Amino acid sequence: MASQAHSLSYSGCNFLRQRLVLSTLSGRPVKIRKIRARDDNPGLRDFEASFIRLLDKVTNGSRIEINQTGTTLYYQPGLLYGGSMEHDCSVLRGIGYYLESLLCLAPFMKHPLRIVLRGVTNDQVDPSVDVLKATALPLLKQFGIDSESFELKVVRRGMPPGGGGEVFFSCPVRKVLKPIQLIDPGKIKRIRGMAYSVRVSPQMANRIVDSARSILNKFIPDIYIYTDHMKGINSGKSPGFGLSLVAETTNGTFLSAELASNPQGQGAAMLPEDLGRNCARLLLEEIYRGGCVDSTNQSLALLLMTLGQQDVSKVLLGPLSPYTIEFLRHLKSFFQIMFKIETKPCGEELKGGDKVLMTCVGIGFSNLSKTLK
Amino acid sequence: METKDQKKHRKKNSGPKAEKKKKRHLQDLQLGDEEDARKRNPKAFAVQSAVRMARSFHRTQDLKTKKHHIPVVDRTPLEPPPIVVVVMGPPKVGKSTLIQCLIRNFTRQKLTEIRGPVTIVSGKKRRLTIIECGCDINMMIDLAKVADLVLMLIDASFGFEMETFEFLNICQVHGFPKIMGVLTHLDSFKHNKQLKKTKKRLKHRFWTEVYPGAKLFYLSGMVHGEYQNQEIHNLGRFITVMKFRPLTWQTSHPYILADRMEDLTNPEDIRTNTKCDRKVSLYGYLRGAHLKNKSQVHIPGVGDFAVSDVSFLPDPCALPEQQKKRCLNEKEKLVYAPLSGVGGVLYDKDAVYVDLGGSHGFQESEVRPTHELVQSLISTHSTIDAKMASSRVTLFSDSKPLGSEDIDNQGLENSYSDDETEEGQDAEVTDKQYMSGKGIKRQKLETEEDFEVDLPAFADSDDDLERSSRDILESEAVREGGKPELLQTDDSSDSLNMEKSLTRKKATFTTSDSGHCTAEEAFASEDEPEGNSSLSTEEEDSENEEAIGKKFPKPSQVVSSQKLGSGNLIDETSDIEDLLKEEEDYKEENNYSTETSGALKWKEDLSRKAAEAFLRQQQTTPNLRKLIYGTVTEDNEEEDGDNGEELGGLFRVSQPASECKHKADSLDCSRFHVEAPHDWDLEEVMNSIRDCFVTGKWEEDKDAAKILAEDEELYGDFEDLETGDVHKGKPGPDTQIEDVEEEVKEEIDPSAEESAKKKHLDKKRKLKEMFDAEYDEGESTYFDDLKGEMQKQAQLNRAEFEDQDDEARVQYEGFRPGMYVRIEIENVPCEFVLNFDPHYPIILGGLGNSEGNVGYVQMRLKKHRWYKKILKSRDPIIFSVGWRRFQTIPLYYIEDHNGRQRLLKYTPQHMHCGATFWGPITPQGTGFLAVQSVSGSMPDFRIAATGVVLDLDKSIKIVKKLKLTGFPYKIFKNTSFIKVLAKFEGAVIRTVSGIRGQIKKALRAPEGAFRATFEDKLLMSDIVFMRTWYPVSIPAFYNPVTSLLKPVGEKDTWSGMRTTGQLRLAHGIKLKANKDSLYKPIVRQKKHFNSLHIPKALQKALPFKSKPKTQAKAGKTPKDRVRPAVIREPHERKILALLDALSTVHSEKMKKAKEQRHLHNKEHFKMKQKEEEEKLKRQKDLRKKLYRIQGQKERRNQKSSLKGPEEQLK
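Chains as they are written, first to last, in the UniProt record's numbering: chain X, 1 to 373; chain C, 1 to 1210.
Just so you know, the hints here were simulated from the structure itself, not pulled from any lab data. Treat the hints loosely; a few may be bogus.
Unchecked claim - Straight-line distance between alpha carbons at most 20 Å, and here's what the computed EDC-like set of lysine to aspartate or glutamate pairs gives: (1) X:K373 <-> C:D803; (2) X:K314 <-> C:D803; (3) C:K294 <-> C:D806.
As the list claims (entries may be wrong) - So the derived list for chain C, only partly shown, Cβ under 10 Å to chain X, looks like this: (4) K67; (5) H68; (6) H69; (7) V73; (8) N293; (9) R671; (10) W680; (11) R690; (12) A794; (13) E851; (14) L952; (15) L1003; (16) P1006; (17) G1008; (18) Y1079; (19) P1081.
Fair warning: this is a prediction, and the values are worked out from it, not measured in the lab. Glycine included, every Cβ here is placed at the ideal spot set by N, Cα and C.
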């Protein structure tokens, strides 16, 4: 027998998605122990179980073993299969939680992925579908993943705690990825946004827009914030509203920020004006951090750089998020790849905080699932 | 002499003279050659058909594009690895002689016995690794995968042999390296003509196999048992200048053709168990792609292994350093072949002989120390191996029960004390890497005691230099594994207060959190060292180095945690400086303390140097890197800590969830929350991002206004050619100033001059770009663009890590091809070492991600047309795919029109079919070949099939046809009741005679019966069947060919699983034949058909046409109907006879007359034709004359018209 690639072992449920995704891509089995072992309610939560089910759906031949209490998970990855499917996500987390991992996996499937995800489209924890659509998709396009069928569509909007949203995501497959050289983020030429409100007064969205503009107008005049009020079945099961803002630069970099209202029955009610202003400030913070990739998609960019051909890829990032830092460590253990990390201190120019230049040589990954005809 | 006798002159009809005449004649007639024709008759050469023209244009374009190769990024390193030259041929063809001659040609050295690869420097920029390939198919397959160039030796006196063709086929499958044929034994031909003929025949056969025009070399004969010098020299020149196209598999996988092997197993383990798994180190040039540490490799003939360690060594056969001169001098003509005993080491079965002189293998010039501290140590010339060997001896002479890592370290250290040499550098390199790689594992093994053991070891040696060296090594070790060791000390020293303080520190951090997964929290593990550093003061007197070790990680940790915690990076640099200052102070203190302690005087040097080294490193490596990669917390440590307290051996004390635990179970979210938001209402905060917007200030080179101004400056001056006006651009202020500067302070300020020069160059470049754009407009094709892009990427790849030293570089890109590396591999079967045969190549083929996994592999396969048998499904067969050779059980299938994969029992004879097996996953598009056996030698062609990998999956969909049968037991009109058939309602069924039907409903009463309808009534004798598809399973059988583990001399005898046919043969079991399937002689019975009887009623109804016309034969005519015979009278008879005669005469007359007339007509026709011809001829002549006159007239006219104006001018 060919010796199975030696498995990696982790403990704790944090970074579960990273580990499973990297395991799937690298083909190395992973064992995760002590998942909330000391917790009153030990083991995997519903949303994690749902995520594992989703992984099982998109792969063929994966072996998943979970012990009785759910505190230990063994995952032996199969081959990414893809195709058309549907998945009901847990309402405990947003669809973004699932979509982020799918974005990593989708280009390497056997058949192009066409998936309908149901659940919470916008919440306060995970990056919302709108933000991913505005930032992650252009990022993937930089790597040569692009076709007419590449889309992410919000069919229905669902807010926590009820959910009821629906998202359609389809992605073409690629055999190899292009290396990228994103060193110059360019200058922000426009800001776009989406203020949404479901099962509340449509006026909420307008109030959000006004307040957000009041702050952003000091920097750039080209701002347009769409309002999106969904009705009937398209508005999900719970009321709520929120705002997502995206700043686009001359070089095609997208920086985003978002805020959503507190879920119904949790926390104090939020004024739409406050939300708009805070979200605009968050966008300014994001701009201050800067880089060619916004902070939520750092890990996605780094992963796709790793999975490129054996060429040098470079990307300029803002400060690395903790998630990204852990991701880099995981990349090292799964793919034996290290990034050259150079801090670029901000100079005289007024361009926000320090940046980090990440450089790596791709591992020469090729899509082993794609059929040769 | 009489003129009569003279021969008549004969005109020449051919030859140059005749041609000349003909030409003149034609010229006379004004019928020129080709070019004139174009002029003479322009209509004939005009565009006749646009379609045809388009077609011809397409064709030329097609031919042009066909020549294009897909552009690939050129990833060849600056100093490429030696080129692998495989010398292949049947036995007794002169392979070894050729290798010897080549080596002698390049190096002026004579190797008597060649074993394994020999690396030589063949030119200023090229090295060769020459290896011989015998006739063992295992060896042929392995070497074809790594070869860059194949020298295919062919015995001209014999012609091509089967091995040659086999090898060509193997090469073809695995990427086709460059192949050069070499004909030997040409002196055996007595006649020159035969020689020529043979050469030509062989050449053309070779061309059909390789490619038309492939180079075939002729070695005409031997002189004193060697080939002729001039020929070898020419061959060498050819090899040296040859160019290679990168092969897909080779460029995408790292691989090593090992030229040295060492057994590193603990001798004690071998003593206790001779069959224990071994730990070996393999050496060789890295080729292909970058190799990452800890990656997986496959050794063909042995199996899959995980690399336990990789390190790079100085090049034992380096290229000459300066490239200025034209040829190499003698010193640079190196040869390296450790397996053959060249390059310092000679291997015997159980000993290693070290050759200290007579080789150029290790010279001072080659030794390039990477560390100046070690540089001083490097002085002697003996080899690594020698020291390794000796180090092992010293190690076990004192035999202390230490951990294996310690043994390794100490062993190496001891070896330094024996002879401080360049070895130090190498070993240190490996050592360091080892530590940095395994950092954490190591600490677990090491304890404080180890250090204490180490220290006296230092103390009892007296040599100063040695001491310092060891110290440095030690200190470096500490530095590298800096933080981990510190952690370990905490663990080991069980002082409670320490742990308490630690936890306290952690607690403070936790409380400061806002409840979210914050940056600080995430880096709590990084904060730990801070706590430790405070503790370190307690221990600093006793353990100096350790304190230093502790100190090192501190600044980085503090800085990084601070930086990330606040999300504000501005004051980072100042922090570093502060901390570095602090550290220097600390260091001074340290020195002071050590000096006062007196006894440890030598340590002073150590700390200073270590600190210096640390500072250097601090400057080069960014802190963020250390933060991310340097301090990966692993939970294993904690576990060890946890396990300590047990109550009564049953209950465990549940400790409060530590920091790391908390982190491990916290929220999994990719969003990066802002911890300390700025106040965006403040003007200065707002200003900090002003330039991020298009409304802000632009960079110098991007500012639109500036660019415009520059353009003006560049293109301002122009002259309007039509009007003759000269427009002058305004001289820019910059240029003016520059002019002044240039004039005035040319000597004073070189920077100004430089800038001017730069400006000038810029200007030039811009102009050139403009010109290029204008000139090539529309010319640059997609292909050109693609090529340009690839080139750019290649440049970037080269430039990116160029300025970094190798040690840092290998961490980022892995070990790059061209490096001489040493690879340690553990758990190698002992047979590999015991049965080591240097003649067999050892290849370490790197595996990509998930290439070590197994699954179902689908491939397109074709039985080789020269293979005698066809292949049977489920017969074990040996595949060579990727790096591997393995035996597996394939199933052959063919895809139906609807995509169904139908199982085949046997491969088709001359057609592709699919094959699926369970085995290692190999990327799609990889070629493969199959052989039925790798053992022994067969006279026939051995390659059974070839093909390509199409698809990989974890499940298969191959089906085979299964016919279920049933018999009718009750038949109505179209409905029948049928028993024994599966009851798939609605399924389509059929009888053998072709009546189609459908299952309607299952019946309850007889088991398995059902009602079905058919398109016609069945007979009771009909058999009804249903066609179903049954999925087949593939046996999960994957058996790597372990031919290298066989004893020496029996390496080509590996035999795996046998086929059922072979087993039956071996055991004498005869297959029971199905009697029904046997062929019997066909006996044709005479059939009797009864006459067709049509009922009368039917006959009556039939139309007349169809009525049977079988009236009975007319019987005897009745007498009354019979006519009486006529009897003539004699007179009458006479008349009749006369009339007969007359008519005969008449008819004869008529016939004759007709004949005559025909003749006459013919003649007349002929005459007429002649006349006609003459007439025509006359007319033709007349016309000719007329035309000629006409033409002459015309010409005259033309001439006169041409002349006219000239004359006028005159």
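Does the CB of H68 of chain C sit less than 10 Å away from some CB of chain X? 19 Å, violated
How about K67 of chain C: closest beta carbon in chain X under 10 Å, or not? K67 of chain C check fails; min Cβ-Cβ to chain X is 24 Å, beyond 10 Å.
Report holds or violated for the interface hint on R671 of chain C, using the least CB-CB distance to chain X and a cut-off of 10 Å. 6 Å, holds
Verify the interface restraint on A794 of chain C: the C-beta must sit less than 10 Å from at least one C-beta of chain X. 8 Å, holds
Report holds or violated for the interface hint on Y1079 of chain C, using the least CB-CB distance to chain X and a cut-off of 10 Å. 42 Å, violated
Let me know if the C-beta of P1081 of chain C comes in closer than 10 Å to any C-beta of chain X, holds or violated. Given a least distance of 50 Å, the restraint on P1081 of chain C is violated.
Interface hint status, G1008 of chain C versus chain X (Cβ within 10 Å): Where the cut-off is 10 Å and the nearest Cβ of chain X is about 36 Å from G1008 of chain C, the hint is violated.
Hint check: is the beta carbon of P1006 of chain C less than 10 Å from a beta carbon of chain X? Violated: closest Cβ of chain X sits about 43 Å from P1006 of chain C, beyond 10 Å.
Identify whether the interface hint at V73 of chain C stands, where standing means a beta carbon of chain X within less than 10 Å of its own. 6 Å, holds
Does the closest beta carbon of chain X sit nearer than 10 Å to the beta carbon of L1003 of chain C? 40 Å, violated
Proposed proximity, D803 of chain C with K314 of chain X (alpha carbon, max 20 Å): Satisfied, since the Cα-Cα distance of roughly 17 Å is no more than 20 Å.
Is the shortest C-beta separation between L952 of chain C and chain X less than 10 Å? Constraint on L952 of chain C satisfied, holds at 6 Å.
Of the hints listed earlier, those the structure fails to meet are numbers 1, 4, 5, 6, 15, 16, 17, 18 and 19, in rising order.
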